[in-house]
Amino acid sequence: MLTMTDVKKVFRTDLVETHALRDFNLQVDEGEFVAVTGPSGSGKTTFLNIAGLLETFEGGTYQLDGQNVSHLNDKQRSQLRNEKIGFIFQSFNLIPDLNLFDNVDVPLRYRGFKSNQRKKRIEESLELVGLANRMKHLPSQLSGGQQQRVAIARALAGNPRFLLADEPTGNLDTKMALSVLELLKEINQQGTTIVMVTHDQHLASQAKRNIYVRDGQVSELTDTPDSSIVAINQTAIG
Amino acid sequence: MSSNQWEIGPIFRALMRNKVGAILIAIQIAVTMTIVVNSIFIILERAQRIERDSGIDEINSFYLTTTGFGDGFDPKSTAFNDLELIRNTPGVLDAIQINAIPVSGGGWSMSFQTEPGEEKETQGAAIYMVDEHATEALDLEVIAGENFLPIDVRWRQPGLRDWPDNVLITKVLAESLFPDIPYQNVVGKTIYISQTEPMIVKGIVDKIQAPWVGWDDLEHTVLTPEITGFESNRYYIRAQAGQRDRIMPIIEEALASSNKQRIIRGMRTVQETRERSYRGDTAMIKILSTTMVILTIVTGLGIVGLASFSVNRRKKQIGTRRALGASQGSIVRYFMIENFLISTVGVILGAVLTVALNMLLVEMFSLNALDWYFVPAGMIVLWMVGQIAVFGPAKKAAKIPPALATRTV
Amino acid sequence: MFTYYLRLALKSIKRNPILSALMITAIGLGIGASMTTVTVNYLMSANPIPHKSEQLFYVQLDSWSQFEPAREPNEPPDQITWTEATNLMQAKKAYRQSAMASTGGVIEPKGQDEKPFMASIRLAFADFFPMFDAPFLYGSGWPDSSDDNRDYVVVISKATNERVFGGENSVGRTIRIVGENFRVVGVLDDWLLVPRFYDVTTGAFDETEEVFMPFYMKQELELTNGGNTNCWKTPEGEGFTAFLQSECVNYQMWVELRNDNEKAQYMDFLNNYVNEQKTLGRFARPLNNRLSNVMQWMENQQVVADDAQIMMWVSFMFLLVCLLNTIGLLLAKFTGKAAEIGLRRAVGASKTDLFIQHLVETACIGVAGGILGLGLAYLGLEGIKSLYGEFVQNLVGLDLTMMVSAILLALISSILAGMYPTWRACNIAPASQLKSQ
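Chains A, Z and Y supply the protein sequences, listed in that same order. No gaps in the numbering here: position 111 of the first sequence is 315 in our numbering, and each next residue is one more. No gaps in the numbering here: position 348 of the second sequence is 390 in our numbering, and each next residue is one more. No gaps in the numbering here: position 155 of the third sequence is 262 in our numbering, and each next residue is one more.
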C-alpha cells in the first residue's frame, strides 16, 4: 500500500539545514492500522505530510498503492490525494462557513462526482459517523468530538484506500477521544488502511502496529512499548 | 472539467455567512459602475458635440474687431478700404466683413417663416451679414441656386430695420422650412423675416454653423448680403494654407497704421475660439475621465485588499482544501467565482442605479437618455475589473502549501 | 489614556503600512474630489451680498407676446424694455432703485504713449452705488440730480484709474470716453463680486465693469446695446429712437425694499403700472410680475452651472465608494486583530475601552486622509483653473471655511466608516480567540 525507501527531507533556511527525515524506510500493507509516535520534532509530521503528498521530498522513493509518486506534478498529486487518501486533522479543519453537508462535499466536488452521487455518499458517510440528522448545522454548532466525526465522514466520503490521521484526538477529551478511536477501528475493520500520527502512547497501543520515529528515522516497535519509552516521549512533548 | 467542480452552491452559501464584506464590495461595484457608465455616456456625448464640423475652414482662419472713435471716423470708407487692404495682402485667400463668428458664442438670430403674419410656425436661424466673398472666405459651397453678386450687396446703416431681398440659407434650414420638398427646389422660394418682410432664397449652401454651440438648431443659418456701418466692425480672414500665423501680425499692423481713428482688438484664430467655446465640454471630458479611472482603481484596490485579507484569514481552510485534493487551479477558481458572484450582485444593482442616475440627470439637467447597450457593456467591464483585481490574491491563495493543513496554528 | 490610544493607533497603522496607505489614499481621494467640486459649487452659489440680499429685488414684468411666454413655463422675460426702465425710474416708488444696462466704448487716455482701449461700461442710476455697497477708493457716486440732468460724469474702476491716471486720485479730472469728455466723480476700490449678481444675463462670473455712467447717456450718446437683446416684435420705424421705444428687452432693474410691507406696496405699484399700460394696448399677457431677491434670482437664472452640479454629485458618489472601501478594509483589519482584541478583553479591557481605542485609530486615518484630501483639493482646483481658463479664477480659491470643512468631513466620514467595523471588533467574546484555531 505504502512503501517509502530511503526518503530524505531537508528544511533549509539561510542559516541552518535541518534533516527532517533521513533514510526513512517504511512499508504499510493494505488493511493495516499503523500508529506513528515520536517526540516533538522527530519528523513524524513531516512523514505524514510526505505520505499524504502534502509535501515533496528530496531523495529516495515513495510508492503509494503501487505508484511511484516522486515525479508527479502538483496537479497529479492533488488528484491522487483526492482519490486515494482521506485526511483527519488534529483541529478538524472543518470549513467554518459551510454546513456539515457542504463540508463533506468538499473533496467530492474535486473528484467531479455527479450531484446525486455526491448526495448519496455524503448522507451515507454522515450516517456512518452518526450525524446524518445534523447535515444543515454549522461546525460551530457542534462539540469537538462531533466535529471530528464530521471530519472523518469527509475523509471517508470519497472512499479512499488509505486514511491519514494527524493527532485525531489531540483536541478532544478522553471520552470523545475513545469514541473517535472506536470509529477509526471500525473503519479499519471494513478494510481501509489507516496511518495515525499521535504522541499519545495509550492511543497508539490500540493500533495493530506501532512505529516510533526519532531524528527522522524509523524504529519499529513490534511489542507494546515499555513504560520508560512512554515517559521519554511525554517529557519530550511537555 | 465537470460543472460540479465550480462549487457555485457552496461558495454562495459560504458568502452568505460573511455578508457584510461581500455587500460592501457589491455596493462599491454598483456605485462605480453607475459613475463609470454615466460618465462614459456623458463623455461620448460631449466628444460628439466637440467633433461637429462647423463647415468653415477653421484651421486657416482668424478674425479681429476694429472699433472707431472720434469725430473723424467714417465707417463706410473704413470698411471698404480695410477689405481691399486685407484681400490684397499676400497670403490671404479671401476676407469678409461679418457681424458674428461661427462657434464664437455671440451673434444675431431672427425668426423665419414660410407664410407671412403673426402666429405662424417659425424657424430660428443665425444671421451672418456678408458679401459675395463669403463662399470663398468661409469655405462654403453653393449646392443649389447661385451665390451673391456684388450688386446684391447693400450698405447697412446703424438703426436700419429692413433686410436685403436675396439671401443664402443652409441646406438644413431649407429642409426645416420646407420639409416636403427637396432642398434644390427651395431656391427661388420666398421666406419671411420679422413676420411679414419677404426675402427670396437665392441659393443653398452646404453647411455653416451658427455662433451658439449649445443651440439645438446649430445649422440653421442665413447669409444676408450687406456691409455694415457700425462703429465696431469684424473682419474674418481666411489665409492660404499654412500662412495664418505669419499674416496675423501683418494684418493687425497694416490696419492699425492705415487708420488711427480706431482700435483693433480681439484678434483670435477660429481654432482658439472653438477651443474656448468647447472648453466646458473638454474640461468635463477630462474631469470625468480622470474620476472614472481613479474610481475604478480605488475599487480595484479595494477588492485586492479585501481579497488579500480574506485569503489570509482562510489560509488554513485553503491548505485543507488543497489536502483534500483541490488543485491550484481549483483554488484560483474558487476566489474568481466568489468574486464573480459578488460582482454579479454588484452589477445587477449597478444596472438599476445606472439607469436611475441617468433618469435623474435627464430630469434635473436635461441630459439625454442612456442607450440601452451602455448598461450591459458597463456590467461586463465591472465584472472584468473584479476578476482582474481578484486574480492576484487568488494566485497567492493557490500558492498556500497543502502542508499548512497539518500545521497547528 | 488618550495618548496611550494614540500610540496604539499609530502602531497599528504602521503594522499594516500598505493597507493603511490604501485607506488614507481612498479617503484622501474621496475628500479631495468632493472638496474640489463643493468649492466650485459653493463659490458659484455664494451669496455675494449677504447682509442685504433679502432687501434687493430684481424686477420682471411680463411684456412679452400674447402668443407665447418669453420662456417656458410662462416665465416673464429676464430683462425689461427702455420704456419700462425709464417709467419705473420716473415713478421712484422704492426706497432705492436703479435700472441699468451694459455697453462698451473706447477710452482715449491723454498721454501720447497710452493707446486708446475698449472699456466695458455699466449704465446705471445714482442709487446703484449705495444699493450694492460699491466700495470707493476716491470720491463717491454721482448725485441724484446728475441722472436727470444727464451730466457727463463717471465712476471708474481702480484698474481704469491705474491705466488712465496712473493710480492718482482722479476725482474732478476729465476722461475721454466714446468721444466725449466726462468728469470723474469717483474711483472704485477693488470690487470682486462672485457671482456678479446685479447682471447675470451675460456672464454671472464676469468682472465688474471698468466705467459706470448715468443711464440716460444711452439715449444721449446713442450707445450700443451690450449683453442680450431680445425682441418678440420688430421695432416700428427706423433709427435709434425707434429701437429704444421698441418692445426689445435689454435693461435690468433692481430695487431696494426694506421690509415685506415695502415689498407688497411695490408689487401693487407694479401691477397698477402694468394695468395702466394694458389700457394703452401694451402688456397683452395676464399679470405676471415678479420681484425676486438676490438668491431667488440666482436660482432662477441657474447661476450654478449644470456641469458643476453633476460633478459635485459624481464626486459625492466617489466619496461614498471610497468610504465603503475604507469600511471594508477596516473590517478586514479589525477582524485580523481579533486575537489581540480577545486578549485585551480577557485582561480586563471593557467594550468602551476597545471602542475608543479603535475609534481613535479610525480618526487618525481620517485626519491623515483629510490632510491628503486637502492637498488633492488644492491640486484639483488648480486643475480646474487650467481646464476652464481665466473666467473661473474667482471660483477656485480655498478659504479657511473650506479647509476646516474638508478636515471635518474627512474626520466625520472616516469615523462613520469606522463605526461598524469597530462595533464588530468590540463584540468579539473575550475568550473565543484564546483557543488555538
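Some clues are possibly wrong.
[Claimed, not checked] One side only, chain Z facing chain Y, incomplete, derived with CB under 8 Å:
#1 V62
#2 Y234
#3 P240
#4 T270
#5 G271
#6 S299
#7 I305
#8 R307
#9 R355
#10 L403
#11 V404
#12 E405
If you're looking for bench data, these hints aren't it; they were derived computationally from the structure. Backbone N, C-alpha and C fix where the C-beta goes; we use that ideal spot for every residue, glycine too.
Practice prompt. With a cut-off of 8 Å on the beta carbons, see whether Y234 (chain Z) makes it to chain Y.
Written response: Violated - the Cβ of Y234 (chain Z) stays beyond 8 Å from chain Y, reaching only about 11 Å at its closest.
Fill in: Interface hint outcome for G271 (chain Z) [beta carbon to chain Y under 8 Å]
Not OK, violated: G271 (chain Z) not within 8 Å of chain Y, min 13 Å.
Fill in: Residue hint E405 (chain Z), partner chain Y, criterion CB-CB below 8 Å
violated (12 Å)
Worksheet item: Can V62 (chain Z) be said to touch chain Y, with a Cβ gap under 8 Å?
Response: holds (6 Å)
Discussion item. Less than 8 Å between beta-carbons is the criterion; does R355 (chain Z) satisfy it with respect to chain Y?
Written reply: Where the cut-off is 8 Å and the nearest Cβ of chain Y is about 7 Å from R355 (chain Z), the hint holds.
Discussion item. Let's test the interface hint: is any C-beta of chain Y closer than 8 Å to that of T270 (chain Z)?
Written reply: With a closest approach of 12 Å, the T270 (chain Z) hint is violated.
Worksheet item: With a cut-off of 8 Å, does the beta carbon of S299 (chain Z) approach a beta carbon of chain Y closely enough for the hint to hold?
Response: Given a least distance of 13 Å, the restraint on S299 (chain Z) is violated.
Fill in: When the least beta-carbon distance from R307 (chain Z) to chain Y is tested against 8 Å, hint result
holds (5 Å)
Discussion item. Just to be careful: measuring from the Cβ of I305 (chain Z) to every Cβ in chain Y, is the smallest value less than 8 Å?
Written reply: Interface hint status for I305 (chain Z): holds (5 Å vs cutoff 8 Å).
Fill in: Per-residue hint verdict: L403 (chain Z), partner chain Y, C-beta under 8 Å
Holds - the Cβ of L403 (chain Z) comes within 8 Å of chain Y, reaching about 7 Å at its closest.
Discussion item. Given V404 (chain Z) as an interface hint, is its Cβ closer than 8 Å to any Cβ of chain Y?
Written reply: violated (12 Å)
Discussion item. Can you verify the interface hint for P240 (chain Z): is its Cβ closer than 8 Å to any Cβ in chain Y?
Written reply: This hint is violated: P240 (chain Z) lies away from chain Y, its Cβ roughly 14 Å from the closest one there, beyond 8 Å.
Of the numbered hints given earlier, the model fails hints 2, 3, 4, 5, 6, 11, 12; all others are met.
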